[in-house]
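Q: Please build the complex by placing chains H and A on the supplied structure of chain U, with the hints as guidance.
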Amino acid sequence: MSDQDLVTSSRKGDMVAFEELVARHRDKIYARAFSMMRNEDEALDLSQEAWVKGWQRLIQFQGDSSFVTWMTRIVINLCLDQLRKHKRQRAESIEMMDEETGGVERQMPVVTVNPTEGLERGELRQRIDRALAQLSHEHRTVLVLHEFEELEYKEIAKRMKCSIGTVMSRLFYARRRMASLLQGLKREQKE
Amino acid sequence: MNDELTIKIQAWVDGELSGWQARGIAKLVERDAEAKALATELRQTKAALAQNEMTVAVPELREFYWNKIRLQIEREEASGTKRVSPAPWNPLSIFRSIGLPLAGLAVAAAVATVTLNQFSVPGYDEVTATSDEMSTLTFHDQSAGMTVVWLQDNTDQPVQDENSVDSDDVI
Amino acid sequence: MMSRAALIFGLFIAMMSARAADMQLEAKLIWGSNDVTNKVKHAVVQDPKLSADLHRIFKWSNYYEITDKDLKIPDNKTGILQMSEKCKLEVKNLGKNWIEVNCIGNGKQVSKGKHSLAPGKWVTLAGSDKNNTAWFVVMRTVGK
Chain U
88 MSDQDLVTSS RKGDMVAFEE LVARHRDKIY ARAFSMMRNE DEALDLSQEA
138 WVKGWQRLIQ FQGDSSFVTW MTRIVINLCL DQLRKHKRQR AESIEMMDEE
188 TGGVERQMPV VTVNPTEGLE RGELRQRIDR ALAQLSHEHR TVLVLHEFEE
238 LEYKEIAKRM KCSIGTVMSR LFYARRRMAS LLQGLKREQK E
Chain H
1321 MNDELTIKIQ AWVDGELSGW QARGIAKLVE RDAEAKALAT ELRQTKAALA
1371 QNEMTVAVPE LREFYWNKIR LQIEREEASG TKRVSPAPWN PLSIFRSIGL
1421 PLAGLAVAAA VATVTLNQFS VPGYDEVTAT SDEMSTLTFH DQSAGMTVVW
1471 LQDNTDQPVQ DENSVDSDDV I
Chain A
19 MMSRAALIFG LFIAMMSARA ADMQLEAKLI WGSNDVTNKV KHAVVQDPKL
69 SADLHRIFKW SNYYEITDKD LKIPDNKTGI LQMSEKCKLE VKNLGKNWIE
119 VNCIGNGKQV SKGKHSLAPG KWVTLAGSDK NNTAWFVVMR TVGK
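Chains as they are written, first to last, in our numbering: chain U, 88 to 278; chain H, 1321 to 1491; chain A, 19 to 162.
Extracted from the complex, chain U is given alone in its bound form (with noise of 0.2 Å):
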């Protein structure tokens, strides 16, 4: 059965259609909560909280997007909701602080050597994942909507409560973080 098909039984309350759609999508569902919170247990508690959701929304699929696509704006949303519990309750960072004031992603160097040139995907998969955990939550967010969400500046904003502004540089701080990060892991296997 299609997605569609178990979205349509879905909605009239057929629990083993909507299971048959968790099974599908569940890994992705949470695979996008985890590159946002970046904890185990925290990720899986929201994409179930996604999936609760999912069952409870349904009627306001109208099937403009994919069904995942569909879960993982739910889940992106909720995992922006705990991440801003989260500012609430934890000090600034240093980052955080640069940021504001702004400047130092501007004095990074510009990497000029590709830093992902002869790795195999499998390798420069673990090091983007290691290079991501090394962002604060903010800038892992921002990267994650834009490069892996493909979501546009304004939809960022939207989501992310803040200005056009703002995303943009945090996205810039980072890229340019991501690039440091990425070159110094190289370096770090040629040593």
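These aren't lab readings, by the way, just hints derived from the structure by calculation. Some clues are possibly wrong.
Below are the DSS-like pairs computed for lysine-lysine, each with C-alpha atoms no more than 25 Å apart in a straight line [unchecked claim]:
1) U:LYS245 with H:LYS1366
2) U:LYS241 with A:LYS77
3) H:LYS1366 with U:LYS241
4) A:LYS130 with A:LYS87
5) A:LYS110 with A:LYS87
6) U:LYS245 with A:LYS77
7) A:LYS126 with A:LYS67
8) A:LYS77 with A:LYS148
9) H:LYS1388 with U:LYS172
10) U:LYS241 with A:LYS59
11) H:LYS1356 with U:LYS115
12) U:LYS248 with A:LYS148
13) U:LYS248 with H:LYS1402
14) U:LYS115 with H:LYS1347
15) H:LYS1388 with U:LYS99
16) H:LYS1402 with H:LYS1388
17) U:LYS99 with A:LYS139
18) A:LYS148 with U:LYS241
19) H:LYS1402 with U:LYS99
20) U:LYS99 with A:LYS148
21) U:LYS245 with A:LYS126
22) A:LYS148 with A:LYS114
23) A:LYS126 with A:LYS114
Just a sample of chain U residues kept apart from chain H, beta carbon distances all over 12 Å, derived [as the list claims (entries may be wrong)]:
24) MET88
25) SER89
26) ASP90
27) LEU93
28) ASP114
29) GLN149
30) LEU170
31) ARG171
32) HIS173
33) LYS174
34) GLN221
35) LYS241
36) ARG262
37) GLN270
Note that CB positions come from ideal geometry on N, CA and C, so glycine has one too.
A: Chains H and A in isolation, oriented as in the chain U frame:
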């Protein structure tokens, strides 16, 4: 290069600039080595990330993961949290404001019989919705001399349930 | 000779009657949106009165003309207007400026109606589209 310029170079790399702004940055990148180097780095990072996200799987067995979801759904339904359902469509939602007191006006059937400032129900045009999923509203705008038949897809209605999610929550 | 003349005259009258009952229909597919974006590739509605009427009646800020079609429909015949991939109209000329319109969306009939097309006046079929936009098919007779 100043901060504004570096951000613009990024926006250009991302295709977020158009028209003369995009052309200006393209020319700058062509002639200025520093701008070109930055654009190259940004592009390389972008390319590295694209399609190279690490895949992770749910670290729980299928049944265990699903049972937690199912139990939560049942718990919430038992406590009264209903599934979101479409609210009746308010046909006045399609009009520009015409300065009438909208509060208290009932939907569809009542509206069709109300004579408004500019609108009157025609006595001659007949329209039938031929699908159960559709409803129609017909009105005639006297000053425009225009007859309008609005076809509303009942499966495509805006949700007005108080527990409904903000429409920003889903695309 | 008289009978031949009568025949020719009769044919002439029949021809004139048929032509008089032919309907020249103009139909436009219009898209209403609040999004002012340089990604919309279509021009705004050019007819100033139609544009003014749409802006006055409906809530959207912009109305873009997607398709513009002309169709001649003989009396008591049906013409097809394929306004877009998803939207087809079957329009029957009922005579005396009346039409019967079958609106077919995504291959399914969604409405059927009879409308009077007073010269120069528009009949509009419309509905909502995704992302808070709307589609409009406006029709009128043109010519005499």
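Q: Does U:LYS115 sit within 25 Å of H:LYS1356, going by the straight-line distance between their CA atoms?
A: Not satisfied, since the Cα-Cα distance of roughly 36 Å exceeds 25 Å.
Q: Does U:LYS241 lie within 25 Å of A:LYS148 when you go C-alpha to C-alpha?
A: Holds. A:LYS148 to U:LYS241 sits at ~19 Å (cutoff 25 Å).
Q: Does the alpha-carbon distance linking A:LYS77 and A:LYS148 stay inside the 25 Å limit?
A: holds, 15 Å
Q: Any Cβ of chain H at or closer than 12 Å to U:GLN270, or is the non-interface label fine?
A: For U:GLN270, whose nearest Cβ neighbour in chain H is about 10 Å away, the distance does not exceed 12 Å, so it is violated.
Q: Does the alpha-carbon distance linking A:LYS126 and A:LYS67 stay inside the 25 Å limit?
A: Violated. A:LYS126 to A:LYS67 sits at ~32 Å, over the 25 Å cutoff.
Q: Verify that the Cβ of U:ASP114 lies farther than 12 Å from every Cβ atom of chain H, and report whether the claim holds or is violated.
A: violated, 5 Å
Q: Measure nothing beyond the straight line between the CA atoms of H:LYS1402 and H:LYS1388; if it is 25 Å or shorter, mark the hint as holding.
A: Distance of about 18 Å is within 25 Å: holds.
Q: Are A:LYS130 and A:LYS87 close enough, with their CA atoms no more than 25 Å apart?
A: Distance of about 20 Å is within 25 Å: holds.
Q: Just to be careful, I want the Cα atoms of U:LYS99 and A:LYS139 compared with a cutoff of 25 Å; is the pair within it?
A: violated, 45 Å
Q: Holds or violated: A:LYS110 and A:LYS87, Cα atoms, limit 25 Å.
A: Between A:LYS110 and A:LYS87 the Cα gap is close to 16 Å, so the pair holds against 25 Å.
Q: For the pair we were handed, U:LYS248 and A:LYS148, check the Cα-Cα distance against 25 Å.
A: Since the Cα atoms of U:LYS248 and A:LYS148 sit roughly 23 Å apart, the hinted pair holds (cutoff 25 Å).
Q: Grab the minimum beta-carbon distance between U:ARG262 and chain H and tell me whether it stays above 12 Å.
A: violated, 5 Å
Hint violations for this structure: numbers 7, 11, 13, 14, 17, 21, 22, 23, 28, 29, 35, 36, 37, all remaining hints satisfied.
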